[in-house]
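*Asks:* Here is what each chain is made of, one letter per residue.
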Amino acid sequence: MYAQMVKSTGKALLSREEMSPQERAFQDRIDQGEKIEPKDWMPEGYRKNLIRQIGQHAHSEIVGQLPEGNWITRAPTLERKANLLAKVQDEAGHGLYLYCAAETLGVSRDQLFEMLHTGKMKYSSIFNYPTLTWADMGAVGWLVDGAAIMNQVPLQRTSYGPYARAMVRICKEESFHQRQGFQIMLTMANGTEDQKRMAQDALNRFWYPALMMFGPSDKDSVHSAQSMAWKIKMNTNDELRQKFVDETVPQAEFLGLTVPDEHLTWNEDTGHYDYSEPDWNEFFDVISGNGPCNTERLEARKMAWDDGAWVREGMLAHARKSQARKAAAE
Amino acid sequence: MSKKTDSTENAHNTSGQDEWPLWEIFIRGQHGMSHRHVGSLHAADSEHAIKNARDVYTRRNEGVSIWVVRASDIAASSPSDKGPLFDPSRDKIYRHPTFYDLPDEAGNM
Ligand SMILES: [Fe+2]
Ligand SMILES: [Fe+2]
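Respectively, the protein sequence lines represent chains A and B. Numbering-wise (our numbering), the first sequence opens with residue 697 and increments by one. Numbering-wise (our numbering), the second sequence opens with residue 166 and increments by one.
This is chain A alone, in the form it adopts within the complex:
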């Protein structure tokens, strides 16, 4: 997902007998649906896992502005431009909510940025694909935000209070994102032949990368079992991917577009669509830095950070000076 490959720091899931009394009490609180708050005791593995997961999620929101930012100045109408601008601005907000949630766990904003910029922390693979035409703005809103919603809705019930609260806020804002994307697709799919072709092409290019957003199959993963016991992961990657396919295929049909998967079929027995897995080699390639836009995205991030340094320093210097002046006058 937005946090696709969160390496767990914990070992295999501990049994109750293996837990210390403190760990057992902690697990009981989670099992009873209590929220864990920043100052509460928590196992070191829980803290570290959460920092990675929330951090990765935050980075994805921030880097995720870049592929769409690419089209703000070239949106076809003033209204579309205003819509897209509002959407991208929301993503900045999502990043900020999540960074603050991560910071409650004892990591600073600057440390998080540093880890992003040096490649120590990842962001979602999806944002390493280029946005080539205006139809991609439709496909991104519809598919990428759609996939994000699928993952974020259950996370509103996650055990860590600040993370859950950030998710509630984010989910409230997301549905507009998906709807504006779908509306772009709808307009283009019902437009001229060229527009329709662009819409289909966007779907062709974003379908598998969208499926990859949920991460590789983790149904047998011990790491994932620990995260699920801690309720920092609510569903397996495969469950969410299936749910996404089931919801998205009828929408594609409604648009009159073809999902680029010749093996896609409705399975009467399971009540789900059977679909082809994405190319996981491509996924591992992209996540480890070799996607089409990894270098460009990270460069843009670092440039924004470095070019903004004088503003950050200037504002801080000004604030300190006026503080000192105020103190002297008192």
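It should be emphasised that the hints constitute simulated quantities derived from the structure, not laboratory data. Backbone N, C-alpha and C fix where the C-beta goes; we use that ideal spot for every residue, glycine too. One thing to keep in mind: the hints can contain errors.
What the hints assert, rightly or not - Distance windows between CB atoms, simulated:
(1) A:943 - B:249: 47 to 57 Å
(2) A:725 - B:249: 18 to 28 Å
(3) A:713 - B:252: 23 to 33 Å
(4) A:950 - B:183: 48 to 58 Å
(5) A:888 - B:234: 52 to 62 Å
(6) B:240 - A:975: 47 to 57 Å
(7) B:250 - A:769: 52 to 62 Å
Said to hold, decoys possible - Sample of chain A residues lacking proximity to chain B, with all beta carbon distances greater than 12 Å (derived):
(8) 719
(9) 876
(10) 942
(11) 963
(12) 980
(13) 990
Unchecked claim - Straight-line Cα separation of at most 27 Å, DSSO-like style, residue types lysine-lysine; simulated pairs:
(14) A:735 - A:927
(15) B:247 - A:735
(16) A:816 - A:927
(17) A:927 - A:939
(18) A:892 - A:777
(19) B:216 - A:998
(20) B:216 - A:1017
(21) A:816 - A:998
(22) A:998 - A:777
(23) A:816 - A:915
(24) B:216 - A:777
(25) A:731 - B:247
(26) A:915 - A:744
(27) B:216 - A:868
(28) A:731 - B:257
(29) B:247 - B:257
(30) A:998 - A:744
(31) A:915 - A:731
(32) A:915 - A:939
(33) A:868 - A:939
(34) A:777 - A:868
(35) B:216 - A:1022
(36) A:744 - B:247
(37) A:731 - A:744
(38) A:927 - A:868
(39) B:247 - A:927
Assemble the complex: chain A is given as a structure, and chain B with the ligands must be docked to it using the hints.
*Replies:* Same frame as chain A, but now just chain B with the ligands:
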């Protein structure tokens, strides 16, 4: 990533010298309501924090008023005080109206 001891929920370990300080944001959603904690953000000073809070927390008309407080200026109770602080009020059920059984004839009270 040391364990933090600061007083507020969101106060994190002393971040870099050059990081803008953290502010807790409170928004009055509607006239007549109290300000409510909505989250936090970094800003150089209070004026800047209010501007940022406008952009981060009221993009959809969520507020009519904003309070900002430096996170480091908030004092908070600690989880270990939970018992001594809140247990004393637990058994005082007579502070609730339902404790007093009255006949229906007495009317709405
Ligand atoms: Fe978002
Ligand atoms: Fe979004």
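*Asks:* Take the hints in turn and mark each one as holding or not.
*Replies:* Hint check:
no.: 1; hint: A:943 - B:249: 47 to 57 Å; in the structure: 50 Å, holds
no.: 2; hint: A:725 - B:249: 18 to 28 Å; in the structure: 19 Å, holds
no.: 3; hint: A:713 - B:252: 23 to 33 Å; in the structure: 31 Å, holds
no.: 4; hint: A:950 - B:183: 48 to 58 Å; in the structure: 51 Å, holds
no.: 5; hint: A:888 - B:234: 52 to 62 Å; in the structure: 55 Å, holds
no.: 6; hint: B:240 - A:975: 47 to 57 Å; in the structure: 55 Å, holds
no.: 7; hint: B:250 - A:769: 52 to 62 Å; in the structure: 55 Å, holds
no.: 8; hint: 719; in the structure: 16 Å, holds
no.: 9; hint: 876; in the structure: 14 Å, holds
no.: 10; hint: 942; in the structure: 30 Å, holds
no.: 11; hint: 963; in the structure: 41 Å, holds
no.: 12; hint: 980; in the structure: 28 Å, holds
no.: 13; hint: 990; in the structure: 27 Å, holds
no.: 14; hint: A:735 - A:927; in the structure: 18 Å, holds
no.: 15; hint: B:247 - A:735; in the structure: 12 Å, holds
no.: 16; hint: A:816 - A:927; in the structure: 25 Å, holds
no.: 17; hint: A:927 - A:939; in the structure: 19 Å, holds
no.: 18; hint: A:892 - A:777; in the structure: 21 Å, holds
no.: 19; hint: B:216 - A:998; in the structure: 25 Å, holds
no.: 20; hint: B:216 - A:1017; in the structure: 20 Å, holds
no.: 21; hint: A:816 - A:998; in the structure: 14 Å, holds
no.: 22; hint: A:998 - A:777; in the structure: 26 Å, holds
no.: 23; hint: A:816 - A:915; in the structure: 26 Å, holds
no.: 24; hint: B:216 - A:777; in the structure: 24 Å, holds
no.: 25; hint: A:731 - B:247; in the structure: 15 Å, holds
no.: 26; hint: A:915 - A:744; in the structure: 22 Å, holds
no.: 27; hint: B:216 - A:868; in the structure: 22 Å, holds
no.: 28; hint: A:731 - B:257; in the structure: 26 Å, holds
no.: 29; hint: B:247 - B:257; in the structure: 17 Å, holds
no.: 30; hint: A:998 - A:744; in the structure: 25 Å, holds
no.: 31; hint: A:915 - A:731; in the structure: 26 Å, holds
no.: 32; hint: A:915 - A:939; in the structure: 15 Å, holds
no.: 33; hint: A:868 - A:939; in the structure: 20 Å, holds
no.: 34; hint: A:777 - A:868; in the structure: 22 Å, holds
no.: 35; hint: B:216 - A:1022; in the structure: 21 Å, holds
no.: 36; hint: A:744 - B:247; in the structure: 26 Å, holds
no.: 37; hint: A:731 - A:744; in the structure: 17 Å, holds
no.: 38; hint: A:927 - A:868; in the structure: 21 Å, holds
no.: 39; hint: B:247 - A:927; in the structure: 24 Å, holds
Every hint, counting from the list given before, is met by this structure.
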